[in-house]
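Asks: Chain by chain, the residues run as shown.
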Amino acid sequence: MTNRKGVTPHEAAKVADGSMLYLDGVTVSFDGFKALNSLSMIIKPGEMRAIIGPNGAGKTTMMDVITGKTRPDLGDVLFDGGVDLTKHDEAAIASMGIGRKFQKPTVFESHSVYDNLILALKQNRTARATLFAMTGKADEDRINELLELTRLTAQRDLLAANLSHGQKQWLEIGMLLAQDPRLLLVDEPAAGMTDAETAETAVLLKEIAKSHSVVVVEHDMDFVRDLDVRVTVLHEGSVLAEGTLDQVSSNDRVIEVYLGR
Amino acid sequence: MAKAETMTEANTTPRYSSWVLSALTDRTSVSVLGAIGALAIACVLLNQLPESSAFHVPTYMISLFGKYLCYAVLALSVDLVWGYCGILSLGHGAFFALGGYAMGMYLMRQIGDRGVYGHPILPDFMVFLNWEELPWYWYGFDFFPFAMLMVVVAPGALAFVFGWFAFRSRVTGVYLSIITQAMTYALMLAFFQNDMGFGGNNGLTDFKDLMGFDLRSDGVRNWLFLSSAATLAIGYILCRLVTTSRMGKVLIAIRDAESRARFLGYRVEYYKLFVFTLSAMLAGVAGALYVPQVGIINPGEFAPLISIEIVIWVALGGRGYLYGAIVGALVVNIAKSYFTVAFPEIWLFFLGGLFVLVTLFMPRGIVGLVGETIGSAYGSMKGSARRRAEAMGGADD
Amino acid sequence: MSVAALISSLRTGLVTALAALVLAICVTGTAGAQDAASEDALKAALPKLTERSFDVKGQAIKDISTSGDPRALDLLLAIQEGDLYYRKSDDLIVYAADAESGYDIKDALTGEDLGNVGKRKVKKISINNQLRSILKGAIGSLELMSPNPDQRVAAARAMLSNPTADAMPILLTALEKETDPAVRDMLDLAKAALEASIGSVEDRLAAVEIMAGSMNPDVWAILGRLAAKSDGSGSEDETTVGKAAQQALNEIEGQKQVFALVETVYFGLSLGAVLLLAAVGLAITFGVMGVINMAHGEMLMIGAYVTFVVQQLMPNHIEYSLFVAIPAAFVVTGLIGIGLERSVIRVLYGRPLETLLATFGISLFLQQTVRSVFSPLNQPVTTPEWMSGFYEVNGALSLTYNRLYIILFCLIVFAALLLLLRKTPLGLQMRAVTQNRAMASSMGIRTGWVDAMTFGLGSGVAGIGGVALSQLTNVGPNLGQAYIIDSFMVVVFGGVGNLWGTFVGAMSLGVANKFLEPFTGAVVAKIIVLVLIILFIQRRPRGLFALKGRSVEG
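Residue numbers (our numbering), protein chains in the order written: chain A, 1 to 261; chain B, 262 to 658; chain C, 659 to 1212.
No lab work stands behind these hints, which were simulated from the structure alone.
A portion of the hints provided could be inaccurate.
[As the list claims (entries may be wrong)] EDC-like, lysine to aspartate or glutamate: derived pairs with alpha carbons at most 20 angstroms apart:
id	chain 1	residue 1	chain 2	residue 2
1	A	K122	B	E519
2	A	K210	A	D84
3	C	K781	C	D741
4	A	K104	A	D220
5	C	K794	C	E860
6	A	K206	A	D195
7	A	K69	B	E530
8	A	K69	B	E519
9	C	K764	C	D732
10	C	K1184	B	D456
11	A	K104	B	E519
12	A	K87	B	E530
13	A	K69	A	E47
14	C	K782	C	E867
15	A	K122	A	D180
16	C	K701	C	D732
17	C	K764	C	E697
18	C	K901	C	E867
Turn these sequences into a full structure, and let the hints guide you.
Replies: Quick look at the structure:
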């Protein structure tokens, strides 16, 4: 399989050397509509990147492609410098160390906060292993740590369905951390949060970014400013601009399609 | 991957005994197992009383109860896949019937040359169809252990193959329900064919012996009843072990948010495949115990109506509660026995009404309703039961 | 005028007019003198019938048939039927009909009523096998001159099936006069059939040539007889002709296979039409609305029962009953559907598995209601006359009218539904609601009302399907159950939410079923198709014509 430039995955892997995530010429179309149009992007290990763009710019589709939910029509998606993600399904990609937080918080509502974290905990995910899995001391410690970090210690045994919206967002971030992924994809973590919660979330993400690669999709400009990281602007399925928030917000085309309105 | 495994081993203090023990000894399990045991022993003892006694339970009643217990096992198997994993199978009657046919084939071979035509090997219906020799798939069924193996292998294999295709291609929700229904319908049509070699329309019947003992004797009837009770108890423990393990948590996670479970790295299809196959095997065992107690197995057991009826037992009893499934199976079938004799006209009205009322007004079933009433004493339980039911209600698409 | 008469008169009107014209040309100018001569010939022949000798009687029959008198055919038919007698007292030839005692007799020539006579006063003009064959030929030749072209074709066909050498002159005469192309074709074939067994080798080969390609089973029989000699068992000539006949037969066999294929496709399409009629309502309720209605089969069943009730109400106008039943069934099942939607289904939107169970309960309820109101037994539904019978294309292919009408009806219903969804305000609102409920609602569309109407429409269409089904299967309380799984298979196979998908799905399943049937038998074909669909759905869970995109995956 070659991409549109005729570069084989093997050659692409050389270019991708040393990157955490490498997208090149990724195109996805639904019935003629191009959700992603030759999207290219490189995330380096340990980098935190914010992705902004108007509705329909392809942010969620990009996440779908990286996590294996959607297969691209064209292009390379390489992880960790060489693993072709288009050849793996969601579960395999998650096991490789790519964690995803959804736009709408999705936690297991009929499980307690504790059980949600147990399920997310890095462990052997095969059916046989989970049938006989026992929770050991180290697991307990790790969960308590995460409960502390996400401020859910008091809600430990509460059903996730009974959490507030913000608490669910945090639980989901906690679950993301429990997986101990190498790359975190975080979709609108601040949606529906109060200003105070938003600020706290930014602090939490920056903390996380110290030891992980993170891609954050966000609408909230203040939040992106708080993160203070490199920003990529998506528009109609491809990259419009890239740089610091100040750089992109002074870009004429960006102003035209997104900020200027 | 390797790193993850060593990590798990390092921090895990194996306490399998506590897992098994809690499945056996927590309050619900003790009540359920106690109730099954008490009922079984009481019935068998009362059967020993002289017939003149007011407390005498006649043997036909024992077999009737035995039939109910088989249905309870069947309901348990449906609850395992539907209540815990969200797979609404409308084809579990097929697994039940396959187990029943495996047992029926053994019982046919037991007849030997005592059939109407007196053929030493061929069952009557084959002689009637002028068959020369036993079809290859009947080989071995005269050997009890082999037949018992087939009781679980036949439905298990069907479930495995069917599930392998269905779950891998992510057929879910009503689509899965419809194709499971089509599966049992196709099997029904097939088993109605004389050429299939399973007795066509009439199925397998006129059984004589089980392991050399006369099927009609009180002793064998009592033993079959006790075996059904034991199977129900074992089946309950098995399901309890699965649902209280971490796998049980994964199953519920799949039921409530399948794609989220995938993004956590769980291979949803394998979990579904495991639980679907296990459930089919359990249904097969139920069918195998059912056949000698009712004395016949025919293609009617594959009818889509039967499979969907099982679902309503579970729904009425309370899905997602193992004992709910048992309660539902018993209540509906006792009602059915009563209505079909007393008011045969009304039975389908009753059953139809049950479907509508349960789905509209009792999403948690009897167990949920009772639990809520009693649970008001234990404040938090009530809330959790409601949340649980609501979560279930919304997670089915 | 009844519907049947209307249709048949359309079919035969033109032909009748043509025949009248031909008759007029034939008869004009030849009347007068010839009539007298032919009557004399007839009168001379009749007495011979009373003779004992079969040879004399045979001559008499031939004389009657060649007399040219218009009464000849009736006389010969009466001999054939054993209705012709002679009075012992005066040897007068009479027609006799059984009466309470003895016979009522009529003069065979004048038709004068001669009253009742005792059994011993008259004697039947007896015939043997040899005479019977002579009679058949004679009658055939007379019928060839009949003014009715249909009768002439039938006569020519009779000669074809039983070629006798002495029929040749009659055939030639008939061919000279004949102007109707259909009759001529048949006469040519009959002539060829005769020549094939009596002429010179060249004549016979030419005759075989004419017969080659015919789709008439009698011709195949003749060719078959000739071909039997192709192995050299007969004379050299016979072998030559036999080989030619064999070759002609092979060609015909090839054509027959083509026609058999056409017939299978026709059967398949008609089964597909039935499936489509059964499933198209579901394509709306399940496909468009996403409501999984297990009581859909019962809507079909009720539609069929409406047909039954309508026929009970108008027993003297069965011809029209279907035209009353179709709107009646639509209204009845549509109203039931609206009632269901408002009372049960509305509560369960977004909970498909619960909807499945609740509607299944409703299906049991409806079944038992029908069982209680009518009976558990099947009800007799009459097929109007104009739907029975078949159109014979040729000896290898005939199309039954009921299948033809079902296909037509299904196309009409489908087209009407497409129009309704595409061109009417209701259709527009339906599509709006199913695509974006919130947006539709905020634009002032009463979504609840649209839901009820859509469900009512789906149920009503199912009712119409039931009317069609009542013409094909037993109408009983279990009718619906037999079709519900098939209907779901069609909709899911075609691709949910796509009416054209349902159309293609139904037709391809119907045809596939009919192609499998000869090899496997009907039930196994059905099983195979079911298994194939199950496998197919697992390959393409969204069906043949799946909508693609992010929204449907969610």
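Asks: Next step is simple, just say for each hint if it's right about the structure.
Replies: Going through the hints against the structure:
no.: 1; hint: A/K122 with B/E519; verdict: 18 angstroms, holds
no.: 2; hint: A/K210 with A/D84; verdict: 26 angstroms, violated
no.: 3; hint: C/K781 with C/D741; verdict: 10 angstroms, holds
no.: 4; hint: A/K104 with A/D220; verdict: 15 angstroms, holds
no.: 5; hint: C/K794 with C/E860; verdict: 29 angstroms, violated
no.: 6; hint: A/K206 with A/D195; verdict: 17 angstroms, holds
no.: 7; hint: A/K69 with B/E530; verdict: 15 angstroms, holds
no.: 8; hint: A/K69 with B/E519; verdict: 12 angstroms, holds
no.: 9; hint: C/K764 with C/D732; verdict: 13 angstroms, holds
no.: 10; hint: C/K1184 with B/D456; verdict: 15 angstroms, holds
no.: 11; hint: A/K104 with B/E519; verdict: 15 angstroms, holds
no.: 12; hint: A/K87 with B/E530; verdict: 18 angstroms, holds
no.: 13; hint: A/K69 with A/E47; verdict: 24 angstroms, violated
no.: 14; hint: C/K782 with C/E867; verdict: 46 angstroms, violated
no.: 15; hint: A/K122 with A/D180; verdict: 6 angstroms, holds
no.: 16; hint: C/K701 with C/D732; verdict: 15 angstroms, holds
no.: 17; hint: C/K764 with C/E697; verdict: 18 angstroms, holds
no.: 18; hint: C/K901 with C/E867; verdict: 12 angstroms, holds
The structure does not agree with the numbered hints 2, 5, 13 and 14 stated previously, though it agrees with the rest.
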